[in-house]
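Participant: Protein chains in written order, with this note's numbering: chain S, 36 to 119; chain X, -19 to 582.
I should point out that these hints are in silico values taken from the structure, not numbers from a laboratory.
Here the structure is a predicted model, which means the values were calculated and not measured.
Among the hints, erroneous ones may be present.
[Claimed, not checked] List time: in silico DSS-like cross-link candidates among lysine-lysine, alpha-carbon distance up to 25 Å:
1. Lys253(X) to Lys105(S)
2. Lys6(X) to Lys106(S)
3. Lys576(X) to Lys106(S)
4. Lys45(S) to Lys482(X)
5. Lys45(S) to Lys113(S)
6. Lys253(X) to Lys6(X)
7. Lys483(X) to Lys514(X)
8. Lys482(X) to Lys113(S)
9. Lys305(X) to Lys253(X)
10. Lys113(S) to Lys38(S)
11. Lys553(X) to Lys38(S)
12. Lys38(S) to Lys482(X)
13. Lys553(X) to Lys45(S)
14. Lys576(X) to Lys105(S)
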Amino acid sequence: MDKSGEAYWKATLGLLTKILTVWFLVSFGAGILFADLLNNIHLGGYPLGFWFAQQGSMYIFVALIFIYGKKMGEIDRKFDVHED
Amino acid sequence: MDLQTTIYLVVGASFALYIGIAFWAKAGSTSEFYVAGGGIGPRMNGMATAADWMSAASFISMAGMISNMGYGGGLFLMGWTGGYVLLALLLAPYLRKFGKFTVPQFIGDRYYSKSASTVAVLCLLTASLTYVIGQMTGVGVAFSRFLGVSSETGIYVGMGIVFVYAVLGGMKGITYTQVAQYWVLVIAYTIPAIFISIQLTGNPIPQLGLGSNLVGSDISLLQKLDQIVVELGFGQYTTTTAGSTLNMFLYTLSLMIGTAGLPHVIMRFFTVKTVADARSSAGWALVFIAILYTTAPAVGAMAKVNLLRTITPGVVMQNADIYAKDAAIEYAKRPDWMARWEKTGLLKFEDKNGDGRIQYYNDKTKNEAAKAKFDEAGWKGNELTVNADIIVLANPEIALLPNWVIALVAAGGLAAALSTAAGLLLAISSAISHDLVKGVFNPKISERGELMAGKVAMACAIVVAGYLGLNPPGFAAGTVALAFGIAASSLFPAIMMGIFSKKMNKEGAIAGMLAGLFITLFYVFAHKGIFFIKGTDFVDMIGGPNPFFGVSPEAFGAVGAMVNFIVAFLVDKVTAEPPEHIQHLVESVRTPRGAKAVDGAH
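Okay, chain S solo, but in the shape it has when bound (with noise of 0.2 Å):
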């Protein structure tokens, strides 16, 4: 397997990739841009585009963040260039 720095470089930047677009798609996808559309739906007594920009999007952000810390982790091992 390629060890190098490159090859590490672009597997992070794959992953960051990947959850940007869903960064993106919560917030400024479900939050704002479809909110009209998804508020047809609803959650509860919640419509579903607004819930996504009151509530939603952030409780999305906070899985985001601990899942890029545990895929990041297993990314440095396997490249080998984690901390001891």
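Starting from the known structure of chain S, fit chain X onto it as the hints suggest.
Facilitator: This is chain X only, laid out in the frame that chain S set:
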């Protein structure tokens, strides 16, 4: 025990705690002063970051703004939390690996240029000073409203408290007090919210209560709220955006980028042991922030419901006719809390139609059906103005909660303002003692000398912040536009390109920072006056308000950031590549292995 005594006891106890921590956590080295010795655990750093981040505005004003704006207020929630995703993914771990004391030091070293770090210091000082003035006035406001002393006295007391733990303890003292302040402020925020949520929806968790039905009814709280505010001529609560969709989009993006680029937040991540800790610490910070931030929309909406049912009894729970002659409450019979807050000027009543009752509605509505109803009911204009800050400050009184809850809210507001002020003051003083005194003027200064310089700079920064808090200049009102605009348009792009582009050179970075900064300040000052001085605005010269696709100045930071990236890229293309050792530096910053404790050595 009467209310005033209870407040004095609770606030006094919280201050005693902070001072006790200050004497326990004194800083004996520059490493302790700048980065708390570099050994703070990720969870504890997350808590301190949360308190550092959540300011007087988050605690006192945000729920009120959401209450007024409805759905559009979500831009503050998404913007101020989404920035932590950017911070965790793009900046914090790499800056931690770089392992130096300050943000300008990274920019100076990465772009091998004293000019670059000096530009960064100027951006940092402007953003942080604007921000800290708001905290100082927040301390004054909390004192004058709750403790019955003048806001001047409040600011002096606040300065004294921060002085003790920030000058003695530097980052070390600030970190441990911020952890204590986090608990004070989050408890103070959530307890009233829980009580109010139970009263209105029967659900003790405000985040769920906001999506629940009203007590004893099968209509959801938000649906009822939508119906009433539309009847009163306001926009529907769950759908009204902040300006156009484009404006809301850019406003949110600007707050996110600005949040990630604010130095006082970034430098908290220099205090953890490892790169992996920096990553998880950002997650913990957002957990602790989200506890308050997901409660805020419930506080906002429920306070609005409570306000409406106070003014027109029966309109929420019993479907009373809101336009009926005797529906609105008689001014003489208004609840005590209204009378109390009228004295502060935050609540104003004017009986325009002389019926002795309070009419609260949107008299400028474009909704013709509602307008016809207003005329039919004999209303002659809105009679009640409610300052957004009341929503949190008077919340416990509106919900008829016991005195100790009111006292807790007072201590919470002060904790929020003091913790943020301390973080900002540390960013300011370390930029002066480390980046200017040691970096530019006297590189040979000893460790002891630099520690002393840091403490003197801290003391001076407190005096300056206090003075500006007592005599707020015009630009104090521009925290969002100025601080976030500058952080978004200059600092964030420069740091990010420094990590993600090996080839970005000093010419590109400096040109980018200056271009982003210039265009953002130009747009903001055109609307609000040069440094917010009245009469110096020149918005007509650029084609009237919000000329750039209807984008408001607060939302312009993201555009400034784009300009920064583009200019930096173009200039970089036509100038020389950065030297070999800088490209190696970037490579080493990208990998976690070899991270050592943060030290400031040049």
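Participant: Taking the hints in turn, state whether each one holds.
Facilitator: Hint check:
{"no.": "1", "hint": "Lys253(X) to Lys105(S)", "result": "17 Å, holds"}
{"no.": "2", "hint": "Lys6(X) to Lys106(S)", "result": "38 Å, violated"}
{"no.": "3", "hint": "Lys576(X) to Lys106(S)", "result": "22 Å, holds"}
{"no.": "4", "hint": "Lys45(S) to Lys482(X)", "result": "14 Å, holds"}
{"no.": "5", "hint": "Lys45(S) to Lys113(S)", "result": "13 Å, holds"}
{"no.": "6", "hint": "Lys253(X) to Lys6(X)", "result": "20 Å, holds"}
{"no.": "7", "hint": "Lys483(X) to Lys514(X)", "result": "43 Å, violated"}
{"no.": "8", "hint": "Lys482(X) to Lys113(S)", "result": "23 Å, holds"}
{"no.": "9", "hint": "Lys305(X) to Lys253(X)", "result": "67 Å, violated"}
{"no.": "10", "hint": "Lys113(S) to Lys38(S)", "result": "8 Å, holds"}
{"no.": "11", "hint": "Lys553(X) to Lys38(S)", "result": "30 Å, violated"}
{"no.": "12", "hint": "Lys38(S) to Lys482(X)", "result": "19 Å, holds"}
{"no.": "13", "hint": "Lys553(X) to Lys45(S)", "result": "23 Å, holds"}
{"no.": "14", "hint": "Lys576(X) to Lys105(S)", "result": "21 Å, holds"}
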